[in-house]
Amino acid sequence: MESLINCTEEEQPSSVMTNSWSNQEACRSEKAKCAGGFVLVHAGAGYHSESKAKEYKHVCKRACQRAVDQLRAGALAVEAVTAALVELEDSPFTNAGMGSNLNLSGEIECDASIMDGKSLHFGAVGAISGIKNPVLVASCLLTEAQKGKLSAGRIPPCFLVGRGAHDWAVGHGIPPCPSEKMATKFSLSAYKRNKRKMELAEKMDTGQNQSKKRRQSSENAAHYGCGCWAENVCNMNSYSTAVSTSGCGEHLIRTMLARECSAAMQSEDAHQALLEAMQNKFISSPFLSSEDRVLGGVIVLRCCRCVEAQPSPNIQAAMVEFLWSHTTESMCVGYMSAQDSKAKTHISRLPPGTVPGQSLAIEGGVCRLMGIVD
Numbered sequence: 001m002e003s004l005i006n007c008t009e010e011e012q013p014s015s016v017m018t019n020s021w022s023n024q025e026a027c028r029s030e031k032a033k034c035a036g037g038f039v040l041v042h043a044g045a046g047y048h049s050e051s052k053a054k055e056y057k058h059v060c061k062r063a064c065q066r067a068v069d070q071l072r073a074g075a076l077a078v079e080a081v082t083a084a085l086v087e088l089e090d091s092p093f094t095n096a097g098m099g100s101n102l103n104l105s106g107e108i109e110c111d112a113s114i115m116d117g118k119s120l121h122f123g124a125v126g127a128i129s130g131i132k133n134p135v136l137v138a139s140c141l142l143t144e145a146q147k148g149k150l151s152a153g154r155i156p157p158c159f160l161v162g163r164g165a166h167d168w169a170v171g172h173g174i175p176p177c178p179s180e181k182m183a184t185k186f187s188l189s190a191y192k193r194n195k196r197k198m199e200l201a202e203k204m205d206t207g208q209n210q211s212k213k214r215r216q217s218s219e220n221a222a223h224y225g226c227g228c229w230a231e232n233v234c235n236m237n238s239y240s241t242a243v244s245t246s247g248c249g250e251h252l253i254r255t256m257l258a259r260e261c262s263a264a265m266q267s268e269d270a271h272q273a274l275l276e277a278m279q280n281k282f283i284s285s286p287f288l289s290s291e292d293r294v295l296g297g298v299i300v301l302r303c304c305r306c307v308e309a310q311p312s313p314n315i316q317a318a319m320v321e322f323l324w325s326h327t328t329e330s331m332c333v334g335y336m337s338a339q340d341s342k343a344k345t346h347i348s349r350l351p352p353g354t355v356p357g358q359s360l361a362i363e364g365g366v367c368r369l370m371g372i373v374d
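The numbering used here applies: residue 1 is where the sequence shown begins, and numbers increase by one.
Worth flagging that the hints you see were computed from the coordinates, not collected in a lab. From a predicted model like this one, the values you see are computed outputs, not experimental measurements. Some hints could be false.
[What the hints assert, rightly or not] Pair by pair, the computed Cβ-Cβ distance ranges are:
{"id": "1", "residue 1": "233", "residue 2": "355", "range": "53 to 61 Å"}
{"id": "2", "residue 1": "193", "residue 2": "317", "range": "50 to 58 Å"}
{"id": "3", "residue 1": "205", "residue 2": "185", "range": "30 to 38 Å"}
{"id": "4", "residue 1": "290", "residue 2": "151", "range": "43 to 51 Å"}
{"id": "5", "residue 1": "153", "residue 2": "238", "range": "31 to 39 Å"}
Where is the CB? At the ideal position from N, CA and C, for every residue including glycine.
Given only the sequences and the hints, what does the whole structure look like? Please build it.
Written out as structure tokens, the structure reads:
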């Protein structure tokens, strides 16, 4: 199993659109000693209109293909993840990079994070403006951290935000991009529409206008353990895991959903474990007891080596289980192995009659990877 990558959706539930920041996470799990790998991506947990279903699926297909092309060429998992996320960030149909939702000030601020399951190093940026592909900055931070301490024994940063993140990126060769060029016609119209809704709601809230402060909600999930998580097989872990989340950032942060789901994947029954984690650690979490709707989604990979006899000693097999679950109205996913000719995509939706934020959907599958040992 190689990598799991994620990008947030363009159209989010209205309750979290007031100050929507772009957010994407990426995870890497164990790199098998066999050629190829498996990639799982998503285009967000939120609402995916039927009219744009083709575009959502297409961008997921392109992202999977970019990652698999990298893997087939011998790239590391983190490099494949980065390439796929650049594809997602460059699409105007995702809330990441180009076409991101604007904040209350009408500006684009992006988040990105990436984790290496082997070294357990993590790189992230938050509220960064003027960078077309924030994942390149997160990936660069991870790479720099793996080089060891800086001069005078300084510990390299793993998370940078705002102007400092922008300046660090430019200083490390990542070209800037004017923020106004990253906005699209859709993101600008969505900003105006939602700002009017918020202003109208505040006017209607009579008796509190003088004292009530404007609340800012974000989809920021770049925090450690919240947006992504990856761990390889070790003495304590029977499986390599990779997890990526999307949805209401505050809900993901307060529950540390990515790490919770990764830990759950060490159970024998992955489907049941993820179902219980989403129900008990997310929807019914004591950290969200005051929320009437808990909104989020997760994609998960877990991998182990096959123990049965192989046809020859230089052939190895790995079993990959891939799952997704969400409490939002829908979630768009794509997946592909290096053995496949093309990616598969799917828009998962809550069952009819269920309430978003109070119910969940869960689906997935299994893939057996074969390869030649180097």
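Checked hints:
no., hint, result
1, 233 x 355: 53 to 61 Å, "38 Å, violated"
2, 193 x 317: 50 to 58 Å, "51 Å, holds"
3, 205 x 185: 30 to 38 Å, "31 Å, holds"
4, 290 x 151: 43 to 51 Å, "47 Å, holds"
5, 153 x 238: 31 to 39 Å, "37 Å, holds"
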